[in-house]
Amino acid sequence: MKARHKRFALIAAGVAALAGAVALVLTQFQDNMVFFFSPTQVASHEAPQGRTFRIGGMVESGSLERGADGTSVKFLVTDTVHRIPVTYKGALPDLFKEGKGVVAQGRLGEDGVFAASEVLAKHDENYMPPEAAHALEQAKKAQATVVH
Amino acid sequence: MSDSPLSAARVPSAGFSLFHYASPQTFFPLAGKLLWPCWIAALLLTVAGLYTAFFVAPTDATQGDSYRIIFIHVPAAWMSMVIYMAMAFWCAVGLVFNTRLSFMMSSALAPTGALWAFIALWTGALWGKPTWGTYWVWDARLTSELILFFLYCGYMALQAAIDDPRRADRAGALIAIVGAINVPIIYFSVKWWNTLHQGSSVSMTQSPTMATTMLTGMLLMALAAWAYTIGVALVRVRAIMIERERHTDWVRQLSQAGSNGDMNA
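Protein sequences appear in the order of chains L and U.
Following this note's numbering, the residues of the first sequence are numbered contiguously, the last one being 148.
Following this note's numbering, the residues of the second sequence are numbered contiguously, the last one being 413.
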């Protein structure tokens, strides 16, 4: 074994060992690496109790209610399995929309209502011109009528 | 091969052409020749990329025009990761083969890598405010990219803090190689954990989820970033070579040839 083969083996072994250690740490801390909890996780009590956390999902279509004061809102966050009602008072981000992604930070009340102190919009990785989005929507609608 | 016995001794394997350019003496003129092609490519690709980004690519259905930050944000983020991997590669090569030039390449890349990481973070913040509603969140993607920026800074600071270049190279190599583990974490963070940051629009396993003209603009900008990075790294590595090898014959000959050339001109 030449000296440079030895050095290469040493570096490769070092990197492999370190990568293994990092992988172990990251899988152990899996729960702390997530940015938000899904409504299903909240429903199965996986989310932290009695302190603030974030929930993420879709704003259920047709669930958005605006309060009389104009700044408070109420909506349902869903992952299509479970849904959590969320109340919030303040300005919503521009991309906040029914049927789109949302991440809300706050506290889960005794009554099962999530009182949010911050609401962020989560958008997806699809980028397309408005015409394409419109065509896609039309296609979806057409398909839905065929199914029904 | 050069006639000088000194330089012949430096090239690890005389018959192996791969190592021919592994010595600063032979690489210096090659790097010089590569500069102009890099600058021209960078300029043309930037012009084509920006034109596509602003005049050809359509508005996005959900985000309107604010999505156009993607044309600088994604190439910058890609470069920040690619450059770090390149640094780790050169450092590993340097440690295994004991080649001086490899470490110089790594040092030459670091400031540009830090710059791209900074641009990725900065444009990301500017993009996050109008879309997500916040400049910054501590999700896995954003945090790991910030760590990458700190790794670049740490690498440069450590190298600058050690006077002996050989020891500085080895200490820096440790940061570069160990820190390289962070790069796949950045890349896969949006897959492994749920994050506020969206998933990748362009990946090896799936077809892109972007309109074609948008993708074209982004790829042109990415190629421009490559050309700029290679060019600026070559300039820097030439400077590092001259600085570190100033006591050697070839640099002395180079400076003599340079001053003669100036007089003749």
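If you are wondering where the hints come from, they were derived from the structure by calculation, not from laboratory data.
Hints may be right or wrong, so weigh each one.
[To be verified] PhoX-like mimics (lysine-lysine), calculated; alpha carbons at most 25 Å apart, straight line:
| # | chain 1 | residue 1 | chain 2 | residue 2 |
| --- | --- | --- | --- | --- |
| 1 | U | K339 | L | K100 |
| 2 | U | K339 | L | K74 |
| 3 | U | K277 | L | K100 |
Nothing here was measured: the structure is a model prediction, and the numbers come from that model.
Would you list, in rising numerical order, the hints stated earlier that this structure does not obey?
-> 2
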